[in-house]
Amino acid sequence: MPRRSRSQHLGVSASAGGAVACACAASATFLGGWLAGGAGIDVPWAPTWDLRLAFELDGLAALYGLLAAGIGVLVFVYASAYVPRHLADQGRSRREEARLHAAMVLFLVSMLGLTTAQDLILLFVFWDLTAVASWLLIGFDRRNRDARLSALMALLVTAISAVLMLIGILMLRVEYATTQLPELFAVARPSTTVSAAVGLIAVAALAKSAQVPFHFWLPRAMAAPTPVSAYLHSAAMVAAGVFLLSRIHPLIALDADLLDGLLVVGFASMAVGGVLALAADGLKRLLAYSTISQYGYVVTMLGVGGSSGAAAASFYVLAHALAKSALFMTAGTVTAATGAKSLRDTGGLARAMPLLAIASAAAVAAIAALPLTIGFFKDELFFKAALERGDVVAALAVAGAALTFAYMMRFWSGIFLGAPRAAPQPVERRLVWPVVLLAGLVLIGGIVVAPFAGLARDAAAATHAGAVKLDVAYHLDARAENLMALAAYTLGLLVLALRPVLEASLGLVERVGNRFGPERAYGVSLRGLNRISDRLHAVEVRDLRARVAAVIVPAAVLVAVGVAFTPTAGSYRIGNVLAADAPLVATLAVCALAAVAVTAPRRHLSLALTLSAVGFALATAYSLMDAPDVALVAVLIETIFALLFVGVFALLPGDVLRREAQLRVHRSRTVRDIVVATLSGVVTMLVVWAAFSRPQPDAAMAERHLELADDAHGKDVVTVILADFRGLDTLVEVTVVAVAMIGVSMLLALRARA
Amino acid sequence: MTSVLTRMVSRALLAPTLVVAAAILVKGYGDVGDGFAAGIVAALGILLQFLAFGRDEVAAALPVRHARSVALFGLSVGVAVFAAPLVLGGAPLEHWPPATQTPVQIGSLELITAVVFDVGVFLLVLGSAVTIIDVLTAAGEDGR
Chain Z
1 MPRRSRSQHL GVSASAGGAV ACACAASATF LGGWLAGGAG IDVPWAPTWD
51 LRLAFELDGL AALYGLLAAG IGVLVFVYAS AYVPRHLADQ GRSRREEARL
101 HAAMVLFLVS MLGLTTAQDL ILLFVFWDLT AVASWLLIGF DRRNRDARLS
151 ALMALLVTAI SAVLMLIGIL MLRVEYATTQ LPELFAVARP STTVSAAVGL
201 IAVAALAKSA QVPFHFWLPR AMAAPTPVSA YLHSAAMVAA GVFLLSRIHP
251 LIALDADLLD GLLVVGFASM AVGGVLALAA DGLKRLLAYS TISQYGYVVT
301 MLGVGGSSGA AAASFYVLAH ALAKSALFMT AGTVTAATGA KSLRDTGGLA
351 RAMPLLAIAS AAAVAAIAAL PLTIGFFKDE LFFKAALERG DVVAALAVAG
401 AALTFAYMMR FWSGIFLGAP RAAPQPVERR LVWPVVLLAG LVLIGGIVVA
451 PFAGLARDAA AATHAGAVKL DVAYHLDARA ENLMALAAYT LGLLVLALRP
501 VLEASLGLVE RVGNRFGPER AYGVSLRGLN RISDRLHAVE VRDLRARVAA
551 VIVPAAVLVA VGVAFTPTAG SYRIGNVLAA DAPLVATLAV CALAAVAVTA
601 PRRHLSLALT LSAVGFALAT AYSLMDAPDV ALVAVLIETI FALLFVGVFA
651 LLPGDVLRRE AQLRVHRSRT VRDIVVATLS GVVTMLVVWA AFSRPQPDAA
701 MAERHLELAD DAHGKDVVTV ILADFRGLDT LVEVTVVAVA MIGVSMLLAL
751 RARA
Chain V
755 MTSVLTRMVS RALLAPTLVV AAAILVKGYG DVGDGFAAGI VAALGILLQF
805 LAFGRDEVAA ALPVRHARSV ALFGLSVGVA VFAAPLVLGG APLEHWPPAT
855 QTPVQIGSLE LITAVVFDVG VFLLVLGSAV TIIDVLTAAG EDGR
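Top to bottom, those sequences are chains Z and V.
Residue numbers for the first sequence follow our numbering, beginning at 1 and rising by one.
Residue numbers for the second sequence follow our numbering, beginning at 755 and rising by one.
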């Protein structure tokens, strides 16, 4: 990659400053609210549906909200230095920075709404908002096809699963007539419906947290600029999944099978993420796999459930988010300084970037659960919860921790130890000190753990729906948790030592996963859908007649089905024709003759004029049927259309028109056209006939309209209907006129440009 | 070039056509016709000018270049009448005055918001039709 010389540091833009200010304000509000013991808002939203804007800042909201806002402050500061570099690298205008910051703030706000929402429908709205914001953020490099596809993948995986979540929510609503979480917790009893509904919601949560088998979108999402990854893929978006599981945990806990399912998914994600992280070469890719694996831990602990499971899960989320966002930012800073994006191209940076090396060492140590970091306690709680669930779970927990230890050590030593590969360029301080601050928090948490434990305890209380005991401290004795930690370090070192031997098989695992994994299923189904849609489109737009048929045939079939299932007694009557009706009958006869005549002419002008003849005859019929308003409009429309037709024909070259008029239509097409015309014509006649056969209810309706027209100060009931009774219809219809105008102008402008 | 007679008749018809359109519009609530019909009548009057004089002369004599803005303004009037009651705490498209009050009259014109809505429809239809006629004739002249 070409390096660019930078004589001066770029300043902080207004949008970056605004984003940081938003995040600071949110952090202060959430911290204050938590310290004050919680707060809530509850106002009506859609009262007829019993929906309320109910927000509650409880322990769980405080934990996830503070993570999103607090880490947000640091990530936004980091972005203020990173994004201008990123844009300059790609030769883009610096003004695009504002777009990223706006989407980041949108994300922050939807995350805060999500964490505090107490109504499942409200929660769903914020859930989808986070998906939209993440789509904007991952696809920030719009000109990069890979980034666009990755953004789409993240959106599809999380938003399609969100539809399952909505189905689950509606099932709960049907069952218990409420979507308010506190009420649901009070009334829900174990049942198949509840299990199915909660299972659907859990699927959406697991997809959001990139758990197996939905994990494939997360490594792809690394196409996003690094601050986005540091934010979305450590503290916020992926955390939203486990947040939702924690939020509805009292409902999950009703069914032991669901808890077991979470255990299985959690362990599978730990294993898949851990092995792939050990194999990965890209810096951010390794971290993405690590995130999959780490949230696997959290899902496992939520599957263990109970007081200790809830406590371990909340504390794990807190410790992991602090350390992981520091590591993502480390990766970004290393790339900014050296241009290297993979472990293969980095090495020996410890001497050139000592501060970053020390800070990220603390973060790595935290994820690897070494003592004197907050991470040690996360594994202590994890092992404790696993032990309660039995020996198998405990053994798997140690194996997972060993994998984590191995790939984390590999990450840090690969960047900072060994022979220097490239001389780093100096970078802005804003690319380093957010990492240092997070490392500081991680180390403080390793010594003064009480405030962190307090936050996690309050969150776990909401998850467990009851008081939770959460004691963390160093114990210098041979208790099981300590022994398991030692075993994990030893095994981890062993894996690290054996890695060169395993290299080939690790690579094979990755290739097999890419070839036959769920990502392939995603690709196949997406391509299949595209192909079906292309084929339908091709049939529909082959020619004008096909396009007309595509509209009128389904309409005719639907109406015919409607007629078949409607009682028709007395509908198809043949009344008496009186002498006074003679003019009307004559007009209709002219109309019918003209309609038949339309099929005869081959020249465009004669065709247009014959069509007008049908229209004018119909207008006359309206006027004979006491419908002067309709007749007036019909005459006007026929006039202007006749003139426009003639005008358009005048524009078209004469020889083209003549040639088109000579064209023979293929026989099979003629047959198709006759079938289509007969079908729609017969169905239309059935409907019109039925409408004319029953005057009674219509008369009552007309009476009522006439009465109401007086109230509306009108004497012409048709106008009153258009402007008052059915005004919304009119508004939408005239909007169509405006759209048509814009469409015609654009089409002709394009033609002029060509 | 059209004949002198066509040009004279067309010019003479413009003002009456617009007056008829205005009459259909304001009388719409009491008699046959509404904003849509009025818009088409006015557009027909202008179409006649295009046919008789050609695009350049019409553009010089009449403000047809503003037709697009007129259409969008008409749409905004419609949306405003639709949305204004929402701000005032009523239902969308709730008209004023209500059934219990007698509207203010100026001659035979009654001041009610439904008429304002109809004026919006009129402007939108007139503006759209004139725009379409204008771009079609422009395309025709480019083609020659």
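These aren't lab readings, by the way, just hints derived from the structure by calculation.
Only a predicted model underlies this, so the values are computations on that prediction, with no experimental measurement involved.
C-beta atoms are modelled at their ideal positions from N, C-alpha and C, and glycine is treated no differently.
Mixed in with the good hints there might be a few duds.
Now the stretches of chain Z that chain V is said to cover, found in silico as 3 or more residues with beta-carbon under 8 angstroms [as the list claims (entries may be wrong)]:
#	stretch
1	219–229
2	288–294
3	626–636
4	719–726
Violated hints - listed by number, lowest first
Result: hints 1, 2 break, sorted rising.
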